[in-house]
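Number of protein chains: 2
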Amino acid sequence: MKDDILLTPGPTPLPPQVREALGRQIIHHRTSQYRALFKRVVQGLQGIFQTTTPVFCLTSSGTGAMEAAVVNLLSPGDEAIVVLGGKFAERWQQLCKAYGITVVPVPVAYGDAADPQQVAQALRAHPKAKAVFATLCETSTGVVHDLRGLAAITREGPAVLVVDAISGLLADACKTDEWGVDVVVTGSQKGLMLPPGLAFISVSDRAWTLVEQAKTPRFYTDLRLYKKSMTDDDTPFTSAVSLVIALEEALKRVQQDGLSHVLERCALMAQATRAGVSAMGLPLFAKRPSNGVTAVTVPTGVDGKQLIKVMYDTSRVMVAGGQGEMAGKIFRFAHMGYIGASDILAGLTALESALRACGGAPAGDGVAAAKAVFSQAPEAVAQKV
Amino acid sequence: MKDDILLTPGPTPLPPQVREALGRQIIHHRTSQYRALFKRVVQGLQGIFQTTTPVFCLTSSGTGAMEAAVVNLLSPGDEAIVVLGGKFAERWQQLCKAYGITVVPVPVAYGDAADPQQVAQALRAHPKAKAVFATLCETSTGVVHDLRGLAAITREGPAVLVVDAISGLLADACKTDEWGVDVVVTGSQKGLMLPPGLAFISVSDRAWTLVEQAKTPRFYTDLRLYKKSMTDDDTPFTSAVSLVIALEEALKRVQQDGLSHVLERCALMAQATRAGVSAMGLPLFAKRPSNGVTAVTVPTGVDGKQLIKVMYDTSRVMVAGGQGEMAGKIFRFAHMGYIGASDILAGLTALESALRACGGAPAGDGVAAAKAVFSQAPEAVAQKV
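Chains R and Y, in that order, give the protein sequences.
Numbering of the first sequence is given in the working numbering, commencing with residue 3 and proceeding in unit increments.
Numbering of the second sequence is given in the working numbering, commencing with residue 3 and proceeding in unit increments.
These are calculated hints, taken from the structure and not from any lab test.
Being a predicted model, the structure only gives us computed values, none of them experimental.
Worth double-checking, as some hints may not be accurate.
Stated by the list, open to error - Covered stretches of chain R, going by a simulated chain Y footprint (3 or more residues, C-beta under 8 Å):
| id | segment |
| --- | --- |
| 1 | 5-12 |
| 2 | 15-24 |
| 3 | 89-100 |
| 4 | 141-147 |
Glycine included, C-beta positions come from ideal geometry on N, C-alpha and C.
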């Protein structure tokens, strides 16, 4: 049976080298062999995070590393600014509330990107806020926020900028050190082309000062323990060894390809997808669309849940529906990670026929529009395996 | 190159079905296919936990689930009894202290098992203690505690019994419901024959009352969220999908073999190992030895660290050294999970020759002694693959 064509914003398809590594016999983690591998992996992560600060590796889903950011930076009663605009931004809010942090919300409508001036205003109104929590790509709406702009504003004062780049990293630009992003969080199952199970967090020197001061109780996610272990190229608690070994293979792919080429290819996949759905007459939901995932508004008269079911049932192409209040109103067509032009074309083909089957009328030829994009950039389409 | 022979108390070797499952292409987790699989997996876990209460599945190392127990059951200022006796028992203590729980330690010397009467005394002296934290197999000393006895004592009062069965489950008996163990924690990389990355926790009805009352802040490990998601055969945060799929294969092996047969085989491996090291004249460190891991005292005049290095360098057999203050004084020869008679014999052969190389003099033929044990139970040796 042919594999599904997974165009979901995580998990994303696994390249062959990753699958081979996952299937290897296990090795022990308290060995010089594993420590050397772990060291290489951390250096590779620093490369894709574009930072020279430590990147810590947690055995958890992305939310575990988001929690690590909150509990390591803040103390109960602290104020934090949370940039909203989607389900995952709201997770920052939930996390802060769970740990007794006073949240200053920066409201952003679903589909909109935050205006950095809103954050500037919030910082002026709340000069004691210790952190700004934001999102690179809001997976639930397909919006990429202006991280560079948010960082520039935040760096004017003492607050640190903490970014959920779980679905953003390796899809949208994230120049951690250059832009001055203090804390970046990501997960393994998006641009990194791995199964879920690992999460990563980088911490700038100025954010580390907060880690030393924070009073929120913590243990499994206590980054002080991770920093101490890292001096021995180790983790305080048993790593997900197989995933770390596979991570090295994924990082090798990115390194061989080159980070800029990976980002260009992802941008091209996004451009072709946007051209395709636009040609079919389907509106893009995100005002500032991410290169990792394209959110598409379901046209009136079409049942959005049925649409994605038909795509899967007839073509084995899986896109994601809307979450929460967006269910049925949008669908999300992802193109991050191990996705090539053929996947995009298969996805658009499936969409076109499912749209017809669900009573929609494609305005034009989406597949042709995507092909036209690809034909203009044959170099960027190439995927080294 | 031949694989290492891993006789370490986690990670343990992966059976072929598990490796095959790990190497499969990823599937999406928000699908009916995955929910059905997740449901089967939870039922399988209930079988090996020997409980009808829910078993929650966390993406974390075992420590993550230990933390889940502490933060979900207790509030800052609560009293808890912690049965000591090794590095992992001390982790309960560290966790409790990190979350502001007042610890009543029950001291147990390394190598000794706790006397349930000590716990009875502690409970009498501290009638407000809400929980007793204990360990099934103390991985650092090879001791299996009298869980049945500890449960019988604890069940006389209102405190709940919480047990770290991370290296104990599927090696030593753990009759959760029958004995009245309220909370059992385990990890994936021990008797379950998986890579590290998943942790599991069962919660009795009476312990759930505490979960509803506990005031310790929590989010990623908040079992209320896990319980809610479980009504949809789902998890609140993305599961480590590949590991869950491989878990189903591991559970199938246990089910086909039969839990009692798995435990018998593990007991036989332990018996042969103990017979082997004893025949060589090496003292067992644990007064009440676990069936999962045999801790052996390094004889005077032999460098314990060198001994395990020589075993690995000459035979690719990896046993674990002592941890913390036990480093160099003991080594730990594990036999839980996917370990057969040939592994035990290879381990003892390597030990015998490394002992000689390190200036020790084996008193007798350890391999012959182990073989004699195996020859008496050919049925139990069989490992269905």
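For each hint, the structure was consulted:
1. With a cut-off of 8 Å between beta carbons, the segment 5-12 of chain R has 5 residues touching chain Y; three or more are needed, and the interface restraint holds.
2. Interface restraint, the segment 15-24 of chain R with chain Y: holds (5 residues with C-beta to C-beta distance below 8 Å; minimum three).
3. Taking a C-beta to C-beta cut-off of 8 Å, the segment 89-100 of chain R contributes 3 residues in contact with chain Y, enough for the three needed, and the coverage statement holds.
4. As drawn, the segment 141-147 of chain R meets chain Y at 0 residues by the rule of a beta-carbon pair under 8 Å; below three, the given contact is violated.
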